[in-house]
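Undergrad: Given next are the chains, with one letter for each unit.
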Amino acid sequence: MSDQAATRPDDRKYTKSHEWMKVDGDTVLIGITDHAVDELCSGNEGDLVYCDLPEPGRQVEAGETFGEIESVKAVADLNCPIDGEVVENNAEIEDHLEILSRDPWNEGWMIRVKPSGKIDDSEMMDAAGYEAYIAE
Amino acid sequence: MRTFRLLDLAAHAPARNMALDDALLEAGDDTPVLRLSTWEPAGLSLGYFQTLDDVPSARAADTTVVRRFTGGGAIHHGAELTFAITAPASDPLYRGPVADSYCRVHKAVVRALAAFGVEARIGPGTAGVVSDRAGTGMCFHAVTSADIVWDAGAGPAKGVGSAQRRRGGRVLHHGSIKLDTDPLEPGVATVSAAAGRPVDARAMAKALLDAFVASFDAEFEPSALTDAELAHADRLGDFFADPRFLADRRARPAAR
Chain A
1 MSDQAATRPD DRKYTKSHEW MKVDGDTVLI GITDHAVDEL CSGNEGDLVY
51 CDLPEPGRQV EAGETFGEIE SVKAVADLNC PIDGEVVENN AEIEDHLEIL
101 SRDPWNEGWM IRVKPSGKID DSEMMDAAGY EAYIAE
Chain B
1 MRTFRLLDLA AHAPARNMAL DDALLEAGDD TPVLRLSTWE PAGLSLGYFQ
51 TLDDVPSARA ADTTVVRRFT GGGAIHHGAE LTFAITAPAS DPLYRGPVAD
101 SYCRVHKAVV RALAAFGVEA RIGPGTAGVV SDRAGTGMCF HAVTSADIVW
151 DAGAGPAKGV GSAQRRRGGR VLHHGSIKLD TDPLEPGVAT VSAAAGRPVD
201 ARAMAKALLD AFVASFDAEF EPSALTDAEL AHADRLGDFF ADPRFLADRR
251 ARPAAR
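Going down the list, the protein sequences come from chains A and B. Counted the way our numbering counts, the first sequence spans residues 1 to 136. Counted the way our numbering counts, the second sequence spans residues 1 to 256.
Errors might be hidden in some of the hints.
[What the hints assert, rightly or not] Cut-off 20 Å, straight-line C-alpha distance, at most; resulting in silico cross-link-like pairs (EDC-like, lysine to aspartate or glutamate):
| # | chain 1 | residue 1 | chain 2 | residue 2 |
| --- | --- | --- | --- | --- |
| 1 | A | K16 | B | E26 |
| 2 | A | K118 | A | D77 |
| 3 | A | K118 | A | E61 |
| 4 | B | K107 | B | E219 |
| 5 | A | K16 | B | D30 |
| 6 | A | K22 | A | E61 |
| 7 | A | K16 | B | E219 |
| 8 | A | K118 | A | D52 |
| 9 | A | K16 | B | D29 |
| 10 | A | K16 | A | D95 |
| 11 | A | K16 | A | E61 |
| 12 | A | K118 | A | D24 |
In case anyone wonders, no lab produced these hints; they're calculated from the structure.
If we strip away everything but chain A, and leave its shape as in the complex, we get (with noise of 0.2 Å):
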């Protein structure tokens, strides 16, 4: 855990409720973040046993709900923090939810979204700012 602290990607944002976005070309792919992970599993990647992911062309808002995610002893929401349309899931994932554990930022990614309109980060944190308000 501290190893990936130290090594959070700074080419990102992160939400409070511990999403990141991260935008690549002309969409954005957002994930959760190893805090996320280990806080449904302890670091047991086994505890990981459900997601579910929106089927592309699906329409998000900023706040809303886009998917969940079960471990052993809870079912998490997963927060969309732009508004759009999902236009990939990465379906590997809800397979091979040890994914998520294994590398929650590259192979971890679980959608893309094309943003309606211009992005707002205003509430979003960069990766010092995450750092700073998990540490809190």
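We have chain A; now place chain B onto it with these hints.
TA: Using the frame of chain A, we list chain B on its own:
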């Protein structure tokens, strides 16, 4: 000393119980709430990600079936007490890893059980748990390291089933304390058997409240649903028992 709102013991229909928990999660404020309930009539609650096919008794048994918004296995809410605690995720009860929050809640429940002489513990330990059964889909037939077990005669068995939902920065943790035997959940631990005398929901509710007061250093103020919470629950109606939602967890008929 902290203050919790207390919605004291009341019986509700299965779908209403789920709607009330959802209302406290969605429409509640920053004050933590403890809600105590029984199910009238008895009902079976599916875990959020389960299908009806995962739980044979959901189709076979003559009982009302609802789907929860929390995960895990199915529970038959018959001779039991259900408790539900909602609070912000930043609340001391829920801060940090999910596993830690389970520990805090379950330690308090273990304390409550001790009032009846039940020697409960968290985690199955090294001895074999006798309540586990494959293929039933029931929560009480699949123990985890966070669960509460006590001796059921033949060995340790699960006697409390808990689950959480985390949404919008808030947390609902609800649990079922098995008071007496249930035909849909053979082999589980019950409070009455361990206590050597019948223990009803009222007595368990009092013990649980006393334990929470001591464990959380809190006072529990009698309360009622706010207008917003009541409106939310009323809007949901029987959503949690809707056949479309039971058939597909992604279905959102009408109010939801």
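Undergrad: Each hint needs a verdict: does it hold in this structure or not?
TA: Hint by hint, here is what the structure shows:
Restraint check for A:K16 and B:E26: the C-alpha separation of about 18 Å stays at or below 20 Å, so the hint holds. Restraint check: the Cα-Cα separation between A:K118 and A:D77 comes to about 25 Å, which exceeds 20 Å; the hinted pair is violated. Straight-line distance between C-alpha atoms of A:K118 and A:E61 comes to about 13 Å, which keeps the hinted pair within the 20 Å bound. Between B:K107 and B:E219, the direct Cα distance comes to roughly 18 Å. Compliance with the 20 Å bound is thereby established for this hinted pair.
Between A:K16 and B:D30, the direct Cα distance comes to roughly 17 Å. Compliance with the 20 Å bound is thereby established for this hinted pair. Distance restraint check for A:K22 and A:E61: the Cα-Cα separation of roughly 17 Å lies within the 20 Å cut-off, and the hinted pair is therefore satisfied. The straight-line distance between the Cα atoms of A:K16 and B:E219 is roughly 30 Å, outside the 20 Å bound, and the hint therefore fails. Using a Cα cut-off of 20 Å, the hinted pair A:K118 and A:D52 is violated, with the two alpha carbons roughly 27 Å apart.
With a C-alpha separation of about 18 Å, the suggested pairing of A:K16 with B:D29 holds against the 20 Å cut-off. Proximity of A:K16 to A:D95 is assessed by CA-CA distance (about 27 Å); at most 20 Å being required, the pair is judged violated. Distance check on the hinted pair: A:K16 and A:E61 sit about 16 Å apart at the alpha-carbon level, within 20 Å; holds. A threshold of 20 Å between alpha carbons decides the hint, and for A:K118 with A:D24 the separation of about 14 Å falls inside it, so the pair holds.
Comparing the model with each earlier hint shows violations of hints 2, 7, 8 and 10; every other hint is respected.
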